[in-house]
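Construct all of the structure, not just a fragment, from the sequences and the given hints.
Chain residues, written in single-letter form:
Protein chains: 2
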Amino acid sequence: MNALKEKILKEGSVIGTEIIKVDQFLNHRIDVKFLEEIGEEFHKRFAEERITKILTVEASGIAIAVIAAKYFDYVPVVFAKKAVPSTMTGGSYTAEARSFTKGTVSMFRVSREALSPEDRVLILDDFLASGEAGFALAEIVKAAGAAVCGIGSVIEKEYQGGSRRLREAGYRVESLAVIKGIENGTIVW
Amino acid sequence: MNALKEKILKEGSVIGTEIIKVDQFLNHRIDVKFLEEIGEEFHKRFAEERITKILTVEASGIAIAVIAAKYFDYVPVVFAKKAVPSTMTGGSYTAEARSFTKGTVSMFRVSREALSPEDRVLILDDFLASGEAGFALAEIVKAAGAAVCGIGSVIEKEYQGGSRRLREAGYRVESLAVIKGIENGTIVW
Numbered sequence: 003m004n005a006l007k008e009k010i011l012k013e014g015s016v017i018g019t020e021i022i023k024v025d026q027f028l029n030h031r032i033d034v035k036f037l038e039e040i041g042e043e044f045h046k047r048f049a050e051e052r053i054t055k056i057l058t059v060e061a062s063g064i065a066i067a068v069i070a071a072k073y074f075d076y077v078p079v080v081f082a083k084k085a086v087p088s089t090m091t092g093g094s095y096t097a098e099a100r101s102f103t104k105g106t107v108s109m110f111r112v113s114r115e116a117l118s119p120e121d122r123v124l125i126l127d128d129f130l131a132s133g134e135a136g137f138a139l140a141e142i143v144k145a146a147g148a149a150v151c152g153i154g155s156v157i158e159k160e161y162q163g164g165s166r167r168l169r170e171a172g173y174r175v176e177s178l179a180v181i182k183g184i185e186n187g188t189i190v191w
Numbered sequence: 003m004n005a006l007k008e009k010i011l012k013e014g015s016v017i018g019t020e021i022i023k024v025d026q027f028l029n030h031r032i033d034v035k036f037l038e039e040i041g042e043e044f045h046k047r048f049a050e051e052r053i054t055k056i057l058t059v060e061a062s063g064i065a066i067a068v069i070a071a072k073y074f075d076y077v078p079v080v081f082a083k084k085a086v087p088s089t090m091t092g093g094s095y096t097a098e099a100r101s102f103t104k105g106t107v108s109m110f111r112v113s114r115e116a117l118s119p120e121d122r123v124l125i126l127d128d129f130l131a132s133g134e135a136g137f138a139l140a141e142i143v144k145a146a147g148a149a150v151c152g153i154g155s156v157i158e159k160e161y162q163g164g165s166r167r168l169r170e171a172g173y174r175v176e177s178l179a180v181i182k183g184i185e186n187g188t189i190v191w
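Protein chains in written order, with the working numbering: chain A, 3 to 191; chain B, 3 to 191.
Some hints could be false.
Unchecked claim - Straight-line distance between alpha carbons at most 25 Å, and here's what the computed BS3-like set of lysine-lysine pairs gives: (1) B/LYS144 / B/LYS182; (2) B/LYS46 / A/LYS35; (3) B/LYS35 / A/LYS72; (4) A/LYS7 / A/LYS72; (5) A/LYS72 / B/LYS182.
Don't read these hints as lab results, they were simulated from the structure.
Next up, the structure:
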């Protein structure tokens, strides 16, 4: 998606040898008009999958998922929580995931009421790095007896191997911008 | 907002004597079509404020803020973070807030690059309870030299006193559904 690559080059920046900062439009300050282009593109790629639900994880995935939902005929969005809220009373599905940028391990948690075995789920997130979040969300979908119909990321850091591992596990993965590596502070597509 | 009250009664539930559970449409599973009605209503109430930015806090506020942004001519959304991400490199504004439902204290954090002194900011969140989050976000806006033009909540728990305190401090507060109390497990409007 060329508009996205241009946006990353224009408004993003590289930190060290691994991290892409897109705080200006994607995961702190959010450009909602641009997210609509992203949502539309996800729909183009997964239109034939008859998606019934979009699953993401708090916090940065939420904006992407809710804007994308409009293009999927307003299917419900569910976001996995990383803490146990006092309102999650009816039992939950859980799965563990490491966060590369934060250096932490989180327990993803989705209420049992939020997924059903008939669901055809699209998993969306801002970044695809090591694939840990994708695997954890997919595990939750499968625990509910539902189908993982695709995993979409806005920005893939291919050099961290997540997309390869997810594809080897049989998942369909679509990333709107694929970064092959960072060389001398510059992004290599 | 009558449609919201009906939605709370139909899809929400009461836990104990204090907590309203709206996991089915607002802060875990998200009904995006319904959020559009909410966004439109916020715009009706704050249309004349010439808002240039919407500020919220992760995680539940994000969906509300990004959907509302469309009705405010796609102004940028900024969400305060509760942890220090590795990408927040340019300095930040911070303020402390307690969470009633989680029983925790969080440090809200907004990058200095995300707010400017010219901004006319609308603060949005899912719940208004004790007002702690509202005060913390307002403090951040003022630290940036910007103007707090309004504080909007989807559901206000009036009995926790936050709206009174915020209004006494001079802020304009608009809540789309106001809960006066919970009596014998039933919501009193």
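- What hint numbers does the structure not satisfy? 1, 5
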